[in-house]
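**Q** Produce the complete structure using the sequences and hints provided.
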Amino acid sequence: MTFKKKLTAMLFGLVLAIGLAACGNGESGDNANSDKNNDEKQEDKSDKSTKDDSSNESDGGDSKSKSANTDIKESGDVAAVVNGEEIPMKKFNDQLMSQANQMSQSGQELKESQVKQLKSSIMQQLINTELILQKAEENDITASEDKVKKQFNQIKEQNGDNFQKLLEQNDLTEEELKNNIKKNLKIQQFIDKNTEEVEVTEKELKAEYDKMKQQYEAMNKQSDKEMEVPKFEDAKKKLKDSVKKKKENEQVTKLLKELKKNSEIEKKVNV
Numbered sequence: 001m002t003f004k005k006k007l008t009a010m011l012f013g014l015v016l017a018i019g020l021a022a023c024g025n026g027e028s029g030d031n032a033n034s035d036k037n038n039d040e041k042q043e044d045k046s047d048k049s050t051k052d053d054s055s056n057e058s059d060g061g062d063s064k065s066k067s068a069n070t071d072i073k074e075s076g077d078v079a080a081v082v083n084g085e086e087i088p089m090k091k092f093n094d095q096l097m098s099q100a101n102q103m104s105q106s107g108q109e110l111k112e113s114q115v116k117q118l119k120s121s122i123m124q125q126l127i128n129t130e131l132i133l134q135k136a137e138e139n140d141i142t143a144s145e146d147k148v149k150k151q152f153n154q155i156k157e158q159n160g161d162n163f164q165k166l167l168e169q170n171d172l173t174e175e176e177l178k179n180n181i182k183k184n185l186k187i188q189q190f191i192d193k194n195t196e197e198v199e200v201t202e203k204e205l206k207a208e209y210d211k212m213k214q215q216y217e218a219m220n221k222q223s224d225k226e227m228e229v230p231k232f233e234d235a236k237k238k239l240k241d242s243v244k245k246k247k248e249n250e251q252v253t254k255l256l257k258e259l260k261k262n263s264e265i266e267k268k269v270n271v
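This note's numbering applies: residue 1 is where the sequence shown begins, and numbers increase by one.
Careful: at least some of the hints might be erroneous.
[To be verified] Distance ranges between label pairs, derived from CB positions: (1) N139 to D224: 52 to 62 Å; (2) E202 to E264: 20 to 30 Å; (3) N179 to K254: 23 to 33 Å; (4) E157 to E264: 40 to 50 Å; (5) Q117 to D77: 32 to 42 Å; (6) D77 to E228: 47 to 57 Å; (7) K244 to S223: 42 to 52 Å; (8) K225 to K149: 43 to 53 Å; (9) E157 to N179: 15 to 25 Å.
[To be verified] Restricting the straight-line Cα-Cα distance to at most 25 Å, the calculated cross-link-like pairs of lysine to any residue (SDA-like) are: (10) K261 to Q158; (11) K90 to N101; (12) K206 to E233; (13) K116 to G76; (14) K178 to M89.
Don't read these hints as lab results, they were simulated from the structure.
Just so you know, even glycine gets a beta-carbon here, dropped at the ideal spot from N, CA and C.
**A** Here you go:
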């Protein structure tokens, strides 16, 4: 999936690219290497899957074969309460079904353990998002209308004729989408103000490259088709992005732990 498609998906569901779900679970990007190493294999597959999904939707394909079982939804009105602010169960279930459907459309079979893990991840993500948004507003952080309008127009242009269809699929109006964008901007600003600029050294890059080579070697032993290990200079940009993301997530994890010390959080879903 391309960056633009990821950006659109994130803003429609208010799912941040900063790894709030992983950070809340104490993960800090340890799987970055394996994800990166599979880029060559997965990127084409993801793009093809996205195109196939769009084609199936436009052709009116069998929804039963594409959609996850709605029985996985949780009942009740409230999913969690963060410092007195309720997170609606509808928001939890909407994200649950959206991500479950994406997994089903890509051919993944949703087992009970996967559903449980998915619910836990979504719950953590919603709590972390709400918590940071509250702190951002407490600190009078705002998002300018110009920035909101700019991102809104980018999403609209990227999706072209499918824009209105995407709004309908996500049960959103244009104003609600703009509000989601505004929230994302506030959250990102708060994180930027409360974390340090990340630097990546050449030594860290070479250590990451060594890990990558070991993973390639391990995969080649299990496969009939041998994959060529990229040269260090060719892989350098991806390695740097991976290390940088890992360090950023570590900082967000630390920030969230501090925020949660003085917060009251109650989960209404058993995850």
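**Q** Indicate, hint by hint, whether the structure satisfies it.
**A** Taking the hints in turn, this is what the structure says about them:
A beta carbon spacing of about 56 Å between N139 and D224 agrees with the range 52 to 62 Å that was offered as a hint. As the Cβ distance of E202 to E264 is approximately 45 Å, the hint placing it in 20 to 30 Å is violated. Evaluation of the 23 to 33 Å hint for N179 and K254 yields a pass: the beta carbon distance comes to about 29 Å. As the Cβ distance of E157 to E264 is approximately 42 Å, the hint placing it in 40 to 50 Å holds.
Taken as a hint, the range 32 to 42 Å is violated for the pair Q117 and D77, whose Cβ atoms sit roughly 24 Å apart. Evaluation of the 47 to 57 Å hint for D77 and E228 yields a pass: the beta carbon distance comes to about 54 Å. The beta-carbon spacing between K244 and S223, approximately 29 Å, falls outside the hinted interval of 42 to 52 Å. Restraint check, K225 to K149: a C-beta distance of roughly 48 Å satisfies the suggested window 43 to 53 Å.
The hint said 15 to 25 Å for the Cβ distance between E157 and N179, and at roughly 20 Å that hint holds. The hinted pair formed by K261 and Q158 fails the criterion: a straight-line CA distance of about 40 Å is larger than 25 Å. With a C-alpha separation of about 16 Å, the suggested pairing of K90 with N101 holds against the 25 Å cut-off. Our distance criterion of 25 Å between C-alpha atoms is met by K206 and E233, whose separation comes to about 10 Å.
At most 25 Å may separate the alpha-carbon atoms for a hinted pair to count; K116 and G76 meet this at roughly 17 Å. With a CA separation close to 22 Å, the supplied pair K178 and M89 stays within the 25 Å bound.
Consistency with the previously given hints fails for numbers 2, 5, 7, 10, ordered from lowest to highest.
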